[in-house]
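A.B. asks: Going line by line, the protein sequences match chains A and B.
Going by the working numbering, the first sequence opens with residue 28, and the numbers climb by one from there.
Going by the working numbering, the second sequence opens with residue 28, and the numbers climb by one from there.
Keep in mind the hints are simulated off the structure, nothing from the lab.
It cannot be assumed that every hint is accurate.
[To be verified] Result set (DSS-like, lysine-lysine): computed pairs, CA atoms no more than 25 Å apart in a straight line:
| # | chain 1 | residue 1 | chain 2 | residue 2 |
| --- | --- | --- | --- | --- |
| 1 | B | K344 | A | K29 |
| 2 | B | K169 | B | K156 |
| 3 | B | K123 | B | K156 |
| 4 | A | K29 | B | K369 |
| 5 | B | K369 | A | K212 |
| 6 | A | K169 | A | K29 |
| 7 | A | K107 | A | K29 |
| 8 | B | K29 | A | K344 |
| 9 | B | K212 | B | K29 |
| 10 | A | K169 | A | K107 |
| 11 | A | K169 | A | K123 |
| 12 | B | K29 | A | K352 |
| 13 | B | K169 | B | K29 |
| 14 | A | K123 | A | K156 |
| 15 | A | K224 | A | K118 |
[Said to hold, decoys possible] Part of the chain A face toward chain B, derived, beta carbon under 8 Å:
| # | residue |
| --- | --- |
| 16 | R47 |
| 17 | Q308 |
| 18 | F310 |
[Said to hold, decoys possible] The following residues of chain B were derived to be distant from chain A, with all beta-carbon distances above 12 Å:
| # | residue |
| --- | --- |
| 19 | R249 |
| 20 | K263 |
| 21 | L268 |
Beta carbons: idealized from backbone N, C-alpha and C, even for Gly.
Number of protein chains: 2
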Amino acid sequence: MKIGIAGGGQLGWMMINQGRKLGYHFNAIDRDLDYPGLRDADRGFRYDQYREFVDESDVVTYEFEHVDDRVLEYADRQGKLLPGMEPVMLKRDRSKEKIFLQRNGFPVARFFVADSIDHIAGEIDRFHKAVAKSTTGGYDGKGQYIITDGKIPPGMPEDRYVVEEFVAYDTEASVIASRDVDGRKAFHLASKNVNSKGMLLYNVAPMDDFGMREIVSSLLDRLHYVGTIGVEFFIKNGRPLVNEFSPRVHNSGHHTLLGSSISQFEQHVRAISGLPVPEPQLFVPSGILNIIGREIDHDMMSRILAVQGTQVYWYGKAGIRPRRKVGHVNVVSGTAEGVEEKIRSLMEILYGERLEDFLIY
Amino acid sequence: MKIGIAGGGQLGWMMINQGRKLGYHFNAIDRDLDYPGLRDADRGFRYDQYREFVDESDVVTYEFEHVDDRVLEYADRQGKLLPGMEPVMLKRDRSKEKIFLQRNGFPVARFFVADSIDHIAGEIDRFHKAVAKSTTGGYDGKGQYIITDGKIPPGMPEDRYVVEEFVAYDTEASVIASRDVDGRKAFHLASKNVNSKGMLLYNVAPMDDFGMREIVSSLLDRLHYVGTIGVEFFIKNGRPLVNEFSPRVHNSGHHTLLGSSISQFEQHVRAISGLPVPEPQLFVPSGILNIIGREIDHDMMSRILAVQGTQVYWYGKAGIRPRRKVGHVNVVSGTAEGVEEKIRSLMEILYGERLEDFLIY
């Protein structure tokens, strides 16, 4: 079986690492061959080789939404693309994703779509506090603006926006789930996510479900999904609102690499290759701490790994700069509180008092 | 950090797979580049490139005792070889290993060393039943002969032998342990091993320790060992006898890939690269079933993975023949008995009534 992965980031890199056990051949494609996922693939391709890449793969998937369209379209035409074009198309435009979720009855925050700053100014009195998100802009908090009492922040650029009512949530949460070619679904237990400056800093599983699993189950079926999905929620007064979904393995699912019976990455590889996806078992509370914007040397690696129940994934990215995720630490403990305690010790080692320096824009 | 692995078999392949998370560069060397471990290395070398292989590696280890001497000797001279020459030299000659164990006070079965069949015939009356093992012959039951009531089996070749009193053991067991550069030791819980025709068929952890850990601890110190070791025991009436040790990761330690806080492979990579080795935690009873001498197709893979709590490692070896280990299945369950039950179902899927066909010499 030859698996083709569009995108060469850490998600593809871990997909290959976790899928290797099955004896598969992995192709990967991106702008150039130096990406982590291409380095560890059996064969790396550049985007202009998209036809050969697809022809040489039995199935093609993506580890990121913003990959070269030619790859996705050609793979789709060849009937090889999983989980398919619809989820990517929805993710390429936040307004489409929001409208899709709302129309299909999934709980979301109140929102409107605005074509201009003037448009926002005309309707913003609906919400005391709102978040305007560029419909096509990136992720990790990029292209997002808080609007309080109708005041448009200075410097906010002209763009098309989804303007959502600000949710003062109690918890941000994720559910990682998988669906195989026969429609069987499997769910990792929900995690609590802790963000800083719009980026996932750490998370811990398990947490209470609050009905999230049922929502994700419907979403998987509605999308006729094959593979692994990550769905982010806001939990407010015990009620989940879908924030967004990622039609791929997700940073908030990296905790499944340690303390689980199967990782999100292996679930994805199994599902898209027509193998069964088992219901994951969480052996022990488990979380991750992202390593963002900083190098770690041998001494720091030793100090991190001297904390019991930790593993480090170092992505081997070419350049290290603020807000760039360059690795993560997996952490297990007997209790979810124990995981958070260890994460706090690890944050001390990794960031000291300088966390904000590593997250500046 | 650049890790050099001498030997390109599945043990090196899994070492690379498990060590990748640390962001290391892996070199591997063997007779030709088609071995599983060389295929997945960042760079593969042939034995005649041994100098370049060693020069390009910060530390050199071995995944098998019977690798080209030039690699080991040159790496040792460069001060790069871990866990060093002594363990390999002891393993190259069973008589040296046995005498070493006995002289250092480790419990072993009664034995004598014989230079010829005549020599055996002259001393065999010490033992009602004995096993003669070629001092230099291979592993997995090769070069071994049972001698009962002094009767030399017909066809037993002239060779140098270790002749051991046959131990009608209650259980064969293994302990996998690791020691870091500072002498700190860490132990995986013991496993019960079940052999068939001299080969490990399956095993299950945990089992009672019977003092094995203390023996392994002394052995690690005596060898000034750095890395992961596998030690096999016979348990008879609650007393452990050392059968043999393997100065490397070991087939009976593959269960550590699932249900443990760290695998034997990652422990080894950490230890030889100067990182701490944590005390492993076994989250849940865990075992493996070896896949020996047979291909598995997509349908069989599906049937195996449809059993909850299983993972398959398929080594991707070039040729499949009887007695060749070509993969294994990891299995977890709530109890050790549950693991054995699942293993029996998996044996039915893999071998049906024909197990012996896959194990014939």
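A.B. asks: Compare the structure with each hint and give your call.
C.D. replies: Tested hints:
Restraint check: the Cα-Cα separation between K344(B) and K29(A) comes to about 17 Å, which is no more than 25 Å; the hinted pair holds. The straight-line distance between the Cα atoms of K169(B) and K156(B) is roughly 19 Å, inside the 25 Å bound, and the hint therefore holds. Proximity of K123(B) to K156(B) is assessed by CA-CA distance (about 22 Å); at most 25 Å being required, the pair is judged to hold. Taking the CA atoms of K29(A) and K369(B), the gap is near 29 Å; set against the 25 Å cutoff, the hint is violated.
With a C-alpha separation of about 22 Å, the suggested pair K369(B) and K212(A) falls inside the 25 Å cut-off, and the hint holds. Taken as a hint, the K169(A) and K29(A) pair is broken in the structure, with Cα atoms around 35 Å apart against an allowance of 25 Å. With a C-alpha separation of about 11 Å, the suggested pair K107(A) and K29(A) falls inside the 25 Å cut-off, and the hint holds. For the proposed pair K29(B) and K344(A), the alpha carbon gap of about 17 Å is at most 25 Å, so the pair holds.
As the CA atoms of K212(B) and K29(B) are separated by approximately 24 Å, the hinted pair is consistent with the 25 Å bound. Proposed proximity of K169(A) and K107(A) is contradicted: the alpha carbons are some 32 Å apart, above 25 Å. Distance hint between K169(A) and K123(A) is fulfilled; the C-alpha atoms sit about 18 Å from each other, no more than 25 Å. About 23 Å separates the Cα atoms of K29(B) and K352(A), which keeps this hinted pair within 25 Å; it holds.
Between K169(B) and K29(B) the CA atoms are separated by roughly 35 Å; this puts the pair beyond 25 Å, and the hint is violated. Taking the CA atoms of K123(A) and K156(A), the gap is about 22 Å. The hint holds against a cut of 25 Å. At roughly 22 Å between alpha-carbon atoms, K224(A) and K118(A) fall within 25 Å of each other, so this suggested pair holds. Proximity of R47(A) to chain B holds as hinted, the smallest CB-CB distance being about 5 Å (cut-off 8 Å).
Among the interface hints, the one on Q308(A) holds; its C-beta lies about 7 Å from the nearest C-beta in chain B, closer than the 8 Å criterion. Taking 8 Å as the C-beta cut-off, the interface hint given for F310(A) holds, the closest approach to chain B being about 4 Å. For R249(B), the condition that its CB be more than 12 Å from all CB atoms of chain A holds, with the nearest at approximately 26 Å. Look at K263(B): its CB is around 33 Å from the nearest CB on chain A, clear of 12 Å, so calling it non-interface holds up.
At roughly 33 Å, the least C-beta separation between L268(B) and chain A is larger than 12 Å, which holds for a residue marked as non-interface.
Hint violations for this structure: numbers 4, 6, 10, 13, all remaining hints satisfied.
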